[in-house]
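*Asks:* So you can see what is in the structure, the chains are spelled out below.
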Amino acid sequence: MSTLLEVSGVSVSFDGFKAINNLSFQIAERELRAVIGPNGAGKTTFMDIITGKTKPDEGRVIYGEKSVSLLKMSESKIAQAGVGRKFQRPTVFEDQSVFDNLMMALKKTRSPLAVLFFKPASEDNDKVAALAEQIGLSAALYRKSGELSHGQKQWLEIGMLLAQDPRLLLVDEPAAGMTPSEREHTTDILREAAKTRAVVVVEHDMEFVRRLNCKVTVLHEGSVLAEGSLDHVTKNQQVIEVYLGR
Amino acid sequence: MTDAALPRRQPIALRFPSVMIFLAILALFTVGVTILSEGFGIGVISTSFIKTLGKTLCLCLVALAMDLVWGYCGILSLGHMAFFGLGGYAIGMWLMYARTEIIVLESLSAAPLPPTPTEVSDGIASQIFGVVGASEFPPVWAFAHSLPLQLLAVVLVPGLLALVFGWLAFRSRVTGVYLSILTQAMTLALSLHLFQNDSGLRGNNGLSGLQNIPGLSDTPQSTVSIWFFWASAVALGLGYLLCAWVVSGKFGSVIRAIRDDEARVRFLGYPVEAFKLAIFTLTAVIAGIAGALYYPQAGIINPAEIAPIASIYLAVWVAIGGRGRLYGAVIGAAFVSLVSTWFTGGQAPDINLGFYTINWVDWWTVLLGVSFVCVTLFAPKGIGGLVDILIDRKSPSRHGADLGPDQGALREQEAEK
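Heads up: the sequence lines are chains A and B, in that order. Just so we're aligned: 169 in the numbering used here is position 169 of the first sequence, and the numbers increase by one with no gaps anywhere. Just so we're aligned: 183 in the numbering used here is position 183 of the second sequence, and the numbers increase by one with no gaps anywhere.
Hints may be right or wrong, so weigh each one.
Partner residues aside, some chain A positions facing chain B, computed with beta carbon under 8 Å [what the hints assert, rightly or not]:
hint, residue
1, Lys55
2, Met73
3, Glu75
4, Ser76
5, Asp95
6, Arg110
7, Val115
8, Glu147
9, Ser149
10, His204
In short, the hints are calculated from the structure, not lab data. The structure displayed is predicted, hence computed values, not measured ones. Heads up, the beta-carbon is just placed ideally off N, CA and C, and yes, glycines get one too.
My request is simple: use the sequences and hints to build the entire structure.
*Replies:* Given below as structure tokens:
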């Protein structure tokens, strides 16, 4: 499998505090990866750097087979290039219906003029309906997304990400606030998604990570502490210290 | 999931019944006023009041633009009356030039030799600019002789200013209060510039006599006023249709999303700045057109018209009418500006409290300010909210939470369930 994203030697500091310290990370196409780490390990900043929200002080972020640098691109250009992101808290457009949210996310030309003259074809409507089915929101398609429960909003956001059809999916704590059965459903969706694209899941919950059954990267104080299968990293002495030893 | 559950593409009129109702009311109003007018009807409504009504329609149009940029896209621009004024100046220049040209040609026709073009031009220039002590045309008047070019300027000047200003502001990610202050600075700077005698637009005298349309000196004002009233009504109707079309569909979805959560829209891959710039420029053009229809009815334009307070009033109208709904903006602008005319025109009876007499000419602004505060605090939906009561549309219960993290985001009470 060829490398889709390569982060090398990236550092970023906020007012002297090094949030990310010489971090290197690689992910291949169609790979599922879990990123774990204690609070303040730099997981969210790591995502901010990839999606263009934060510019690092040094280092490289190379993406795709053409090896473009993401550091010079705007957030919207990076998203258009195929990097999708799900935030820690569900962020959907609450004043708009589930249908509108999904339609907006659907992979289409994003320029103002194209959007102004956009008319959904019947296959676009079908796609939205299929996505709603996948995330279990068919019955709520015309409800305002602000009315949905927390777990439903999480799913809607995952649905929007799938609608974007990204090549790299960054998911920040997808299972937060979900019931056990909702978590199971989320695991299925993510594993399904990873069959066609690269997925990076940031998560606290070890049980959830275990169910994902994939390679794990442990972050600590802004750099990679260990990498490998979950069993491998949980046997690592440093990881045990970081998680339990304080 | 079957297709039947998906929305069928209905004609815009059926999907947006408010558009049809609005256009019907506007048409009825226009016909009614025409029948009651002096120029074309039984003469119940005076010509000056026809002009007031025509001007009000123009204000409704600029309020629509404000609602689009603020109510739908969340950009609280406090400078849109600058674009309105620029539209007025653009058409005013032609009106003044063409009419002065007629006067100058008349007075020169008595001379034994036919006047040379230079003599005519100098004559017009000294007539127009004598008041600011100049007798030559400044460069900005280069196209004033041509109606088509000045009509083009009505659209291009506000549009280009908005494009350049918006590009600079949005690409630097200036948002919220800071953007509002920046737009205030823009309109203040423009008005201060125009106040100067050497700005080329007659300083604080402004442009006057705009109600006299060149070539129509034999047509009475009662007729001309109705023509402008009709033109304003048509412009408002078309403007409403345009705005309704823009906010419907996916474009509307995206700009409302930008209003509520700009950062999230960016991560969806939409170039937020380009969308904001498009809306900002479009609304500036609408404002310019509204201004070009307003000032021939007002008769005079001067730099005070684009003072920062004018744009703040515009925001107040939209807030009182109810932002985020097009008819709200129209209701707000019509209601507040007509009531304002009534109060400041000395028609409102003074209230004698014994120890103090409330004179509405002075106290009207206080009343307006208090109502603005009350609407913001107690009835965020504004007058448009009455419609929600009528059709039993409820707000969501979100325990006081806004619908998005951004400053322009819809508040709980403003949203519908």
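*Asks:* Any hints this thing doesn't respect? Which numbers, in order?
*Replies:* Numbers 1, 2, 9 and 10 - these are the hints that the structure violates, sorted from lowest upward.
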